[in-house]
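Peer 1: Chains as they are written, first to last, in my numbering: chain A, 1 to 254; chain B, 1001 to 1277.
Don't read these hints as lab results, they were simulated from the structure.
Idealized CB from N, CA, C, for every residue including glycine.
Please note: incorrect hints may appear among the correct ones.
[To be verified] Cross-link-like lysine to aspartate or glutamate pairs, in silico, EDC-like; alpha carbons within 20 Å at most:
no. : chain 1 : residue 1 : chain 2 : residue 2
1   : A       : Lys185    : B       : Glu1014
2   : A       : Lys243    : A       : Glu118
3   : A       : Lys185    : B       : Asp1045
4   : B       : Lys1197   : B       : Glu1148
5   : A       : Lys12     : B       : Glu1069
6   : A       : Lys243    : A       : Asp80
7   : B       : Lys1080   : A       : Glu25
8   : B       : Lys1078   : A       : Glu118
9   : B       : Lys1236   : B       : Glu1220
10  : A       : Lys5      : B       : Glu1089
11  : A       : Lys207    : A       : Glu231
12  : A       : Lys12     : B       : Asp1116
13  : A       : Lys67     : A       : Glu164
14  : B       : Lys1078   : A       : Glu231
15  : A       : Lys129    : B       : Asp1045
[To be verified] Calculated Cβ distances over 10 Å to all of chain A for the following chain B residues:
no. : residue
16  : Phe1100
17  : Ala1103
18  : Glu1224
19  : Phe1250
[Stated by the list, open to error] Quick partial rundown of chain B residues pointing at chain A, CB under 10 Å, derived from the structure:
no. : residue
20  : Gln1129
21  : Asp1130
22  : Glu1133
23  : Glu1148
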Amino acid sequence: MLYNKQTYHAEKLLVEWCRTGNPVELNVTRQDGLKQYRRLFRNNIHNTLVQSFPIAFEVLPESEWSKLIDDYFATGKVTDGRVWLMAGNFYEFVTENGYAAIFNKPWLNDLLLFEWVEIEVHTMNDITKEHFLTSGDALNDVIEINPEYRLINLEYPVHLYAAEKTAEKKGSYFLLVYRHPENYKVKFSNLHPLAVVVFEKIRTERKSLKQIIDEMDALQEIPIGDTQKLELQSFVKLMLEEKAFLGFKSYYKN
Amino acid sequence: MKNKAQIGLGFRREIADAFLDGDIKPDFIEVAAENWIELGGYWGDVFRHVNEQFPLIVHGLSLSIGSPEELDFEFLKKLKTFLKTYHVEIYSEHLSFAKFENAHFFDLLPIPFREDSVKHISLRIRQVQDYLEMPLAIENVSYYTSVEAEMTEQQFINNIVEESGCNLLLDVNNVFVNAFNHQYDAYQFIDDMPLDKVSYIHMAGHKRIAPDLIIDTHGEAIIEPVYQLFDYTTKKMNPVPVLLERDFNFPELNELKTELTALRSIVNKNQYHHVIQ
Chain A
1 MLYNKQTYHA
11 EKLLVEWCRT
21 GNPVELNVTR
31 QDGLKQYRRL
41 FRNNIHNTLV
51 QSFPIAFEVL
61 PESEWSKLID
71 DYFATGKVTD
81 GRVWLMAGNF
91 YEFVTENGYA
101 AIFNKPWLND
111 LLLFEWVEIE
121 VHTMNDITKE
131 HFLTSGDALN
141 DVIEINPEYR
151 LINLEYPVHL
161 YAAEKTAEKK
171 GSYFLLVYRH
181 PENYKVKFSN
191 LHPLAVVVFE
201 KIRTERKSLK
211 QIIDEMDALQ
221 EIPIGDTQKL
231 ELQSFVKLML
241 EEKAFLGFKS
251 YYKN
Chain B
1001 MKNKAQIGLG
1011 FRREIADAFL
1021 DGDIKPDFIE
1031 VAAENWIELG
1041 GYWGDVFRHV
1051 NEQFPLIVHG
1061 LSLSIGSPEE
1071 LDFEFLKKLK
1081 TFLKTYHVEI
1091 YSEHLSFAKF
1101 ENAHFFDLLP
1111 IPFREDSVKH
1121 ISLRIRQVQD
1131 YLEMPLAIEN
1141 VSYYTSVEAE
1151 MTEQQFINNI
1161 VEESGCNLLL
1171 DVNNVFVNAF
1181 NHQYDAYQFI
1191 DDMPLDKVSY
1201 IHMAGHKRIA
1211 PDLIIDTHGE
1221 AIIEPVYQLF
1231 DYTTKKMNPV
1241 PVLLERDFNF
1251 PELNELKTEL
1261 TALRSIVNKN
1271 QYHHVIQ
């Protein structure tokens, strides 16, 4: 760095002023101009986060939303210059600093995660898809999943009910968020825990649904009755229709 | 696009359909690299389509040439790939800082106009140019106060252009805004700029929020005095690409087209003026 101490310090104080609004001793030509920076700077953060978290902005009282923005503005640290990633960074900031407990809104972290993941899945870079067949047998062929997805585990079902009504419904909910490969729309599927297990096995083990069910039965990992087998087949068919599963791997065909 | 007057328009999502449907046809488009690098899905697809239809100039937001910390070479690597992929000939950045101690704040803060700043920034510009293997055009930014200044803005810009060997993105609206806010002569400022180093011009609207303060909003139409300053500037230099910046408060397309036409007519009128003089 070729800045001397005075120049470095001037930039540091300018940033401190913008972030906190605390008075700083800076030799400036326009005090009113200095104030503009803090206003513009905060507006940028606020507007980006309102756009990213419309539900949280709607359900939180203004004082709590402002507290989050002010605190994030003062002490948050976004290390990537791509503005859309700010939402993910904000989610981490709120989670790590315990605002859900401070505000007595236990669902807050899940709500922010839900809203952030929608942005992430919508915007994230395209993932090269392996070759797959569009026709096949949902039970006996190996499924090719759509790689543009996130599977999240929520304690509060903010994807099913208004956030304020989820405090009494604490549990374990699984939400598959994926991007339609043709129209790019973000879609959501609430998954039963058994479907999550099967989804993970399809993803990692590259076996057909029948093989997975048979192995689970044999190992008695999870007892699966006939009804559940039919439900799992329906689940796979639905995921194929909805393009959460793209099709079938030709080279694994039984 | 070198040595040929071209009038472009910033490609923004709010008006993306107008570009894709052929309702507006600038000579080139400009995008902020950070808004499109490694973007997938719908907007990634839109970007690929629009890039097939228009030459692309890339403007930067987050390089933060005036930061004290090391350059972000991870970002530069992505940027270089992006510039090569889309055959970009002009890449520009702001003469400002937008992060400190590796925290981005998504706004442009004024660098102290100081001798050590000139050395620090010139070195960083050379590093960027070496890494990207292309020239960087550095933009004169609007600023609402100077901080711990040792020299004037025009001295600062001239010294950096000379010491770094970079090009200049001359934002004529920013010259107007700064001249108004800091009470200097905008025409004299233009005279003092290294116009032979200008590779690109920005034009935009602004908003007066107090009797003595203008904010550079990119959300209003260009006003007549800024057109006049642009006319004066383009008479004095070789034709370079000119961009209409509009980032907010988008008007009807006809209004944008009218602005593009006005810019084109001024550039065409002045195309050979400085040669004849």
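Peer 1: Quickly compare the C-alpha distance for Lys1236(B) and Glu1220(B) to 20 Å and report which way the hint goes.
Peer 2: violated, 26 Å
Peer 1: Should the label of Phe1250(B) as a non-interface residue stand, given a Cβ cut-off of 10 Å to chain A?
Peer 2: Non-interface label stands for Phe1250(B): nearest chain A Cβ at 16 Å, farther than 10 Å.
Peer 1: Mind checking the CB of Asp1130(B) against every CB in chain A and telling me if the closest is under 10 Å?
Peer 2: violated, 16 Å
Peer 1: What's the verdict on Lys5(A) and Glu1089(B), does the C-alpha distance respect the 20 Å limit or exceed it?
Peer 2: violated, 37 Å
Peer 1: Measure nothing beyond the straight line between the CA atoms of Lys1078(B) and Glu118(A); if it is 20 Å or shorter, mark the hint as holding.
Peer 2: violated, 24 Å
Peer 1: Going straight from one Cα to the other, do Lys185(A) and Glu1014(B) come out at no more than 20 Å?
Peer 2: Holds. Lys185(A) to Glu1014(B) sits at ~18 Å (cutoff 20 Å).
Peer 1: Just to be careful, I want the Cα atoms of Lys12(A) and Glu1069(B) compared with a cutoff of 20 Å; is the pair within it?
Peer 2: This hinted pair holds, its Cα atoms lying about 12 Å apart.
Peer 1: Could you check if Gln1129(B) really has its C-beta closer than 10 Å to a C-beta on chain A?
Peer 2: violated, 17 Å
Peer 1: Hey, Lys1197(B) versus Glu1148(B), does the alpha-carbon distance stay inside 20 Å?
Peer 2: Violated, at roughly 27 Å.
Peer 1: Are Lys185(A) and Asp1045(B) close enough, with their CA atoms no more than 20 Å apart?
Peer 2: The given pair, whose Cα atoms are some 13 Å apart, holds under the 20 Å limit.
Peer 1: Given Glu1133(B) as an interface hint, is its Cβ closer than 10 Å to any Cβ of chain A?
Peer 2: violated, 21 Å
Peer 1: For Lys1078(B) and Glu231(A), compute the direct alpha-carbon distance and say whether it is at most 20 Å.
Peer 2: Outside the cut-off at roughly 45 Å; violated.
The structure fails to meet hints 4, 6, 7, 8, 9, 10, 14, 16, 17, 20, 21, 22 from the earlier list, while all remaining hints are met.
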